[in-house]
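Line order of the protein sequences matches chains F and G.
Residues 1 to 113 (this note's numbering) are what the first sequence spells out, left to right.
Residues 1001 to 1546 (this note's numbering) are what the second sequence spells out, left to right.
In case anyone wonders, no lab produced these hints; they're calculated from the structure.
There could be a bad hint or two in this list.
[Claimed, not checked] With beta-carbon atoms standing in for the labels, derived distance ranges: (1) G:L1021 / F:A71: 25 to 31 Å; (2) G:V1014 / F:E97: 43 to 49 Å; (3) F:A82 / G:G1205: 32 to 38 Å; (4) G:L1021 / F:A85: 42 to 48 Å.
Fair warning: this is a prediction, and the values are worked out from it, not measured in the lab.
Just so you know, even glycine gets a beta-carbon here, dropped at the ideal spot from N, CA and C.
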Amino acid sequence: MEVLVATAIAAMTGAGAYLVLQRESFPVVLGLAMLSYAVNLFLFSTGRLVVGQAPVISAQATGYTDPLPQALVLTAIVISFAMTALVVMLALGAFLERGRDTIDLEDDPEARP
Amino acid sequence: MNHWIIAPVILPAVLGPLIVLWGRFDMLLQRVFSGFAVGALLVLSVVLFVSTLDGQTQHYALGNWPAPFGIELVLDRLSALMLVIVAALGVLVLWHAIATGWDRKGWHFHSLFQFQLMGLNGAFLTADAFNLFVFFEILLIASYGLMIHAGGKARLAAGLQYVVMNLAGSTLFLFALGTIYATTGTLNMADLGARIAALPPGDAGLVRVGAVLLILVFALKAALVPLHFWLPDTYAGAPGPVAALFAVMTKVGAYSILRLSSIAFGAGPATDGLMEDLLWPAALVTLAIGAVGVLGARDLGRLAAWSAVASMGNLMAALALPGGAGVAPALYYMVHSTFAGAAMFLIADLVASRRSEGLGLHPAAAMAGGGLLGLMFMAAAVAAAGLPPLSGFTGKLMILEALTSRPEWPLAWAVMLGGSLLMVVGFARAGSVLFWKERDPKAAPAGGKTSADIPADPDALPAEAEEPRVQTSLPAPRALSLTAAPTVAALLLLAALSALAGPALTWAEGTAAQLTEDTRREAHQPVPRGMGAPLEIPTGHGEGGH
């Protein structure tokens, strides 16, 4: 299980890093989403991968899984979800204003002869 | 437990939504609420600042959960100083934004402003690494909104870059926190320090990786080379008052590095000396590149932004000294560079609203009130470049003296003094072109249009793209006496800081002593933790849980 999770995180991080380095804003947004999935999974696994154990104190429990990373992941998911929505809107706004879908700061080729 | 500690976070957090919900269509109401909030914050932070002067560290357990389990706010002399800086800068920037009418040019300026203050105050108060991340996100989200306030093509493009860069940084932050938590099992900063000191040698590598990732994130915020590339475009593209407020954003990075290096990564073989090794070369290169940027800038906004980069170089060079030798000068310089940078951006904004050719450094028609503005620019330039009599000089002097504790100090002195010289030349060139070289309005424009021109006034955009406007048709700016007052106040603060350099340095030395002391004293006993074993929960934690 550890190998599977680690491979998934690595693949998503790699894909995310590649996409973030693109010039058009759409792949960049996709890359950021991919990176946030990877980091959520990574955070989740920081409490060690434990199957079938209780996260809260109980008399019957034979062992525990760490509840803190689960709380951290919830926070991170909320933030990254909101940020993805924001960056999509912003990219759309920039595209409509400039007529181009790139995230560079070069001047408009048409506007300046 | 002193409940006022959390008030600097609560107050803007309550007033921000209130401004949106209640005063959405009433600019006067928004201004009253916002003004009340920053005024109250200033009083509050000064009271808290005075309460820390006895050297006691005050703890505030959120929800009354005991420290390593619950999140804790800590008020010591350093965080109190940062609160005062934020509140004072907030007053000045808000004053400027209202006086120049910037807050009318888009939606929700005031509520975003409050959320920005909330995030900043929270980041300076928290003693929990993950909570630091959350407050970072709050201040960043607010800054995204402020950055693209009033819109415009160039600003949206710069804003998109800024957002993407910071989102990547946040992801890195989470990776770093995850690595550190997986190795040490805690996120409380003081607890982290104790556990890293007692770490088995096998885990040292992992903690080191996590620590370096964290430093990278903070260096990104602090605009250290090679992570500085976002700053000039962002600051030059942001609205004037927002750029002035952002002068404290780079300091959040510097503060976080200082806080974590003193309390969490200070002790133990795993992370010992890590900060110094990484930050020292980066700081010197930042300083050099910032100075060259000041010399090469083609408009005033970028000039101010590059001088902010150079000042971060100075600051980090002092922070990177071994054993915290440079912390006291760095704190003094941090106060100075925040207000000097803010004054420079506010002046750039005043110039942009009066000059026929925006901020481009080429001759233009004479502007109204150029004399007074020129004088203010000179004062700000003197402060930023580090010439006497303003506080930049005393600050740099203290840093130069502290640098001698490193064997490579001649190199550092050369970089610092050479950088100062370049900045003096750059500022002098910019000032003489802006305020002295007048062009006859009827003659053909001298000097091409710079590609970097970002007019601060979005209304001026359509005319900009076609032909250079020979006859100016700027909307009549407000009287200079009204709009320049906050900038003059910032400059007076710098003068006061210079006059009171002695007491300020004594205070800063006390703060530095408190920071190093904390590292030794605050070490909690590590709480036993192992997977599969029942966690030990201290009794008496439940009273605040409901």
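Hints, one by one, checked against the model:
The beta-carbon spacing between L1021 of chain G and A71 of chain F, approximately 29 Å, falls within the hinted interval of 25 to 31 Å. Hint check: V1014 of chain G to E97 of chain F, Cβ distance near 34 Å, so the stated range 43 to 49 Å is violated. As the Cβ distance of A82 of chain F to G1205 of chain G is approximately 34 Å, the hint placing it in 32 to 38 Å holds. Taken as a hint, the range 42 to 48 Å is violated for the pair L1021 of chain G and A85 of chain F, whose Cβ atoms sit roughly 21 Å apart.
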